[in-house]
Amino acid sequence: MSAPDSMQVSVWRGGPDGGRFQSFDVPRYESQTVLDVVAWIQQEADPTLSYRFACRVGMCGSCAMMVNGVPRWTCRTHVQKVLDADRIEIAPLRNLPIIKDLAANMDPFFEKWVQAGGVFEGTETRADSYAPIVHEDADRANADAGIECINCSVCYAACDTVAGNPEFLGPAALNRAWTLVNDAKDASRDRVLDAVSGKGGCHACHSMGNCQQYCPNGLNPLTAIAGLKRATARRALRGR
Amino acid sequence: MSHLRRGHPLWYAHILHRVSGLLLALFLPVHFWVLSHALTAPQDLDAFLSFTDHTPVKIAEWGLVFLLSVHFFGGMRLLVLELTPWQPWQKGWAAAAVACSFFLSTTFLLQAI
Amino acid sequence: MEMRLYLLQRISAIVMAPLVLGHIAVMIYAVQDGLTAEEILGRTQGSILWALFYGTFVVAVAVHAAIGLRTILHEWFGVGGVALNGFAGATCFGLLAMGLNAVAAVTVTP
Chain A
125 MSAPDSMQVS VWRGGPDGGR FQSFDVPRYE SQTVLDVVAW IQQEADPTLS
175 YRFACRVGMC GSCAMMVNGV PRWTCRTHVQ KVLDADRIEI APLRNLPIIK
225 DLAANMDPFF EKWVQAGGVF EGTETRADSY APIVHEDADR ANADAGIECI
275 NCSVCYAACD TVAGNPEFLG PAALNRAWTL VNDAKDASRD RVLDAVSGKG
325 GCHACHSMGN CQQYCPNGLN PLTAIAGLKR ATARRALRGR
Chain B
3 MSHLRRGHPL WYAHILHRVS GLLLALFLPV HFWVLSHALT APQDLDAFLS
53 FTDHTPVKIA EWGLVFLLSV HFFGGMRLLV LELTPWQPWQ KGWAAAAVAC
103 SFFLSTTFLL QAI
Chain C
-18 MEMRLYLLQR ISAIVMAPLV LGHIAVMIYA VQDGLTAEEI LGRTQGSILW
32 ALFYGTFVVA VAVHAAIGLR TILHEWFGVG GVALNGFAGA TCFGLLAMGL
82 NAVAAVTVTP
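Protein chains in written order, with our numbering: chain A, 125 to 364; chain B, 3 to 115; chain C, -18 to 91.
These are calculated hints, taken from the structure and not from any lab test. Keep in mind that the hints are not guaranteed to be accurate.
Facing chain C, from chain B, some residues (calculated, C-beta under 7 Å) [said to hold, decoys possible]:
hint, residue
1, L28
2, P31
3, V32
4, S38
5, L51
6, F105
7, L106
8, T109
Pairs of lysine to aspartate or glutamate, EDC-like flavour, derived with a Cα cap of 20 Å [unchecked claim]:
hint, chain 1, residue 1, chain 2, residue 2
9, A, K224, A, D170
10, A, K323, C, E(-17)
11, B, K60, C, E20
12, A, K323, C, E56
13, B, K60, C, E56
To list a few chain A residues with every Cβ distance to chain C over 12 Å, as calculated [claimed, not checked]:
hint, residue
14, G246
15, T249
16, H259
17, H327
18, L361
A quick note: this is a predicted structure, and the numbers were derived from the prediction, not measured. Idealized CB from N, CA, C, for every residue including glycine.
Same shape as in the complex, but just chain A (with noise of 0.2 Å):
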């Protein structure tokens, strides 16, 4: 049996005060992906290469890295897909802290969830009976289109915005607080929005469409934020 051919693969490695690429010959196999890439190189090359997974089937995004500029879910990244001319390169996500290689540090992500008020705030109790939402109603059609969101920051580390402006709380901070405006179940609307008409709020989006144009989920946080836009802007003008 002939050797499998080889590809070459740039792994950034390093941590929070800089690194640099390291180049591995990776064997090529049939239906690989990144993420099996990675592991070989971890197994088979170089023991100190730290990088996350947790599912390997495309539901958890824990396995989230920039291929070839790109960020996807290595996963469900097939090598076939995104091989060019024998080469990959495989860094963290943009726009977050690196922890170490390949693990970058999620904070910032979900701190930022917290700011845009994206906690929940309910209005009954157990003892009262299920709240009756019916799925039709253009709120509930706005809330079921955002809410599949996994938290895997590919939008956050596709975004511009968020690159040019550390405050801006982020394409999924702001959907997810766009499914609470819409969230008949949610008691807290007007707090919702003031934490989103804030410095980094939703005005500071400039709708450049990396976030939908990346996410594996097919969301769209871009119309997301232009309903948040409308919502703040409604309450402005009609003095509140």
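For this one, chain A is given, so just place chains B and C on it according to the hints.
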């Protein structure tokens, strides 16, 4: 650190709007300064205007009208996106906007030469 | 503050939308068969309408450009705080002054 590969229509719309705005903002003070000579020194304005008869200047003028059109249509895209519940044919808009800008500015050029 | 800047930017854009189209139309018309000071001033001098048209345009563009440049300075050059808002205010004021001066120059009858 790694770069981000951009290059989809909405991102182009964004970057064109921003760059055209920047260039127009830098041009404006020059534009105002030239026109202000009209009252105090109209012959200076005339001298400047006959200078603009040269072809490279005409092309630069076409560029400016193009920038204004691009910025205008890019802005319209944003207003439609933000004020109305957005529809997926946005990308068509972005392309149509650039096409219209070309049309407007080329009309200008044809009249100018 | 961000809310107010956002609204000002959108409102100035809406105000300018018809003015931009008008300006481009004027340019296409005026540039035919050459451009002279005499020809321009013949149209604009003493005209209240042109003064109002371009006066409004200048006010709107001064606000719009200042806010736009402020965004670029912040996102591309990392400027913040007092320097950022100072620059924005100065730009707005500068464009307003130069622009209204230019409008006066072409509309006031000598």
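Hints, one by one, checked against the model:
no. : hint                : in the structure
1   : L28                 : violated, 9 Å
2   : P31                 : holds, 6 Å
3   : V32                 : violated, 10 Å
4   : S38                 : holds, 5 Å
5   : L51                 : holds, 5 Å
6   : F105                : violated, 11 Å
7   : L106                : holds, 6 Å
8   : T109                : holds, 6 Å
9   : A:K224 <-> A:D170   : holds, 14 Å
10  : A:K323 <-> C:E(-17) : holds, 6 Å
11  : B:K60 <-> C:E20     : holds, 18 Å
12  : A:K323 <-> C:E56    : holds, 13 Å
13  : B:K60 <-> C:E56     : violated, 33 Å
14  : G246                : holds, 28 Å
15  : T249                : holds, 35 Å
16  : H259                : holds, 32 Å
17  : H327                : violated, 4 Å
18  : L361                : violated, 8 Å
When each numbered hint is compared with the structure, violations occur for hints 1, 3, 6, 13, 17 and 18.
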